[in-house]
Amino acid sequence: MFLKFLPKDFDFFSLFEKQAEYAVEAASYLKEVVSDGVLDEVRLKKMHDIEHQGDEVAHTIIAQLNKTFITPFEREDIHALTKQLDDVIDMIYTIANRLRVYKITRVNKDLIEFAAVIEASVRCIASAVKGMRNAKDRKPVSESCIEINRLENVGDLMRDKALAELFETEKDPMIVIKWKDIYQDAETVLDICEDVANVVESILVKHA
Amino acid sequence: MFLKFLPKDFDFFSLFEKQAEYAVEAASYLKEVVSDGVLDEVRLKKMHDIEHQGDEVAHTIIAQLNKTFITPFEREDIHALTKQLDDVIDMIYTIANRLRVYKITRVNKDLIEFAAVIEASVRCIASAVKGMRNAKDRKPVSESCIEINRLENVGDLMRDKALAELFETEKDPMIVIKWKDIYQDAETVLDICEDVANVVESILVKHA
Amino acid sequence: MFLKFLPKDFDFFSLFEKQAEYAVEAASYLKEVVSDGVLDEVRLKKMHDIEHQGDEVAHTIIAQLNKTFITPFEREDIHALTKQLDDVIDMIYTIANRLRVYKITRVNKDLIEFAAVIEASVRCIASAVKGMRNAKDRKPVSESCIEINRLENVGDLMRDKALAELFETEKDPMIVIKWKDIYQDAETVLDICEDVANVVESILVKHA
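Sequence lines, in order, name chains A, B and C. Read left to right, the first sequence gives residues 1 to 208 (the working numbering). Read left to right, the second sequence gives residues 1001 to 1208 (the working numbering). Read left to right, the third sequence gives residues 2001 to 2208 (the working numbering).
Calculated from the structure, these hints are not laboratory results. Check the hints yourself; a few may be wrong.
The calculated DSSO-like cross-link candidates involving lysine-lysine, where the alpha carbons are at most 30 Å apart (straight line), are [stated by the list, open to error]:
1) Lys2130(C) with Lys1139(B)
2) Lys2130(C) with Lys2067(C)
3) Lys2161(C) with Lys45(A)
4) Lys2045(C) with Lys1161(B)
5) Lys2136(C) with Lys67(A)
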């Protein structure tokens, strides 16, 4: 019981950083996979392992949150942040899994571009999360969040352009059905990255 | 710091009313656009501007919420209300954007009907939000919320009917793919309107 | 006003159990319906009635929550639990409604299997909710939650397998569009069941 009030050993910041690192690992692996167009069981398994490790960190954070009395920032924000970091990784895994389920092997220029933007956004998340430790200098965190928002807008335009092209040039509805899902998934990752940025910014404002 | 406890100049009610007005503007512009079937870049740009202005109000509300100590109702309800009003406008913009991306030019009777129901529901939201100022007379707010719920049910039936017809009469799968998305978007606007009504009602009950 | 502080007659546990029972009724009726492949207006109406009754319980819970000062566990958890139980029932109804809208009459082996897994998961929810009364013995609740998580993973694999087969064997894109939606709905029910399990577990941990 006493421990409940003195969670010395428990460091939310390190856990969030770890979770963000798994997101970076997933995003950078996605870029690799879509760039060479090979997604066999071995590679999907590796993506699944990253997702699983991220999941473990999320569970640790929630478990500790439920047992900890004093937290560095509001409980609901801790909850939201870990949930959304988890959603980022899940959604990246969803893309890889969908490529496998839909048996897509062709290398797609638009998807490679998407994967690069996703990786850039997730790296900004990692920077923002790291920057949260330093409540005195909010500028780097703020800049990362602005960049995440910018990349979300970029993603919207990329999806619209890719979808418009798909409907205009592709004659096979099966292929349209498949790629429409994949472009949408890719854009959704960037949406969730924006949610992460919003939580981080709101935490900073409350602690200004 | 002192200001934090005396946010005299800050009026949540006016901001919510302003946000709801942008939702009405978006809904009524959508009706206009789908009625004459012309959605060029100029018109999409105008819809985007409305969406952007609504966004600004939402950001102001959240920024002020994070800085304000005393709020007229619970913080989480303020957060939920502004988020959902924002979602209403976003989703209306999504429909317009999709019509453009999917290069849909044909005037569609079902979509015109949907746009009218959406406009009616969003006008009820504006009434309900306006009525929140007057905590003494809850009846007008309550009636607006009941109407929003009714319109959501109407929307469900409209989507089901439109989808059933689409699958039965349309031979081109590409067209089915496109319209299925649009009908679903339209119904989703009404779902989010219902979420707004639920938050408004729950705020009123807590302050009864 | 005095009553506000002495809600003797109000029993959250019984209401949650009632809501969970409607979820079980919906899931078990879905299994029946998809097993014999008959989904006429009478049967859809029955499913709608179950959904409506579940809805009423949810409204009672929220109404009471808004009026009650002392609650057996955190307000936000009560809110989340009733919302997610409601979502489970809604999503089961959505499947039935979609079968009707899409005019699907053929008995589908994969969907029957899905319905069985959904029913199993929802029965675990009912056990977990019932077990919440007994804060001393958390083991049965914990076991139900583990099983719900396992069934969610089973559902993911089932959806992936069913989708892969659909794209490989089905030549008619219209049929692909329809069944893709239905398999996705079925998997979503299991996702929401997992959300319920997460809330239940988090409530238990806070009250350990």
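Verification of the supplied hints:
1. At roughly 38 Å between alpha-carbon atoms, Lys2130(C) and Lys1139(B) are farther apart than 30 Å, so this suggested pair is violated.
2. Pair hint Lys2130(C) plus Lys2067(C) holds up; C-alpha atoms about 24 Å apart against a cutoff of 30 Å.
3. The suggested pairing of Lys2161(C) with Lys45(A) holds, with an alpha-carbon distance near 16 Å, which does not exceed 30 Å.
4. A hinted pair counts as satisfied when its Cα atoms are at most 30 Å apart, and Lys2045(C) with Lys1161(B) qualifies at roughly 16 Å.
5. About 17 Å separates the Cα atoms of Lys2136(C) and Lys67(A), which keeps this hinted pair within 30 Å; it holds.
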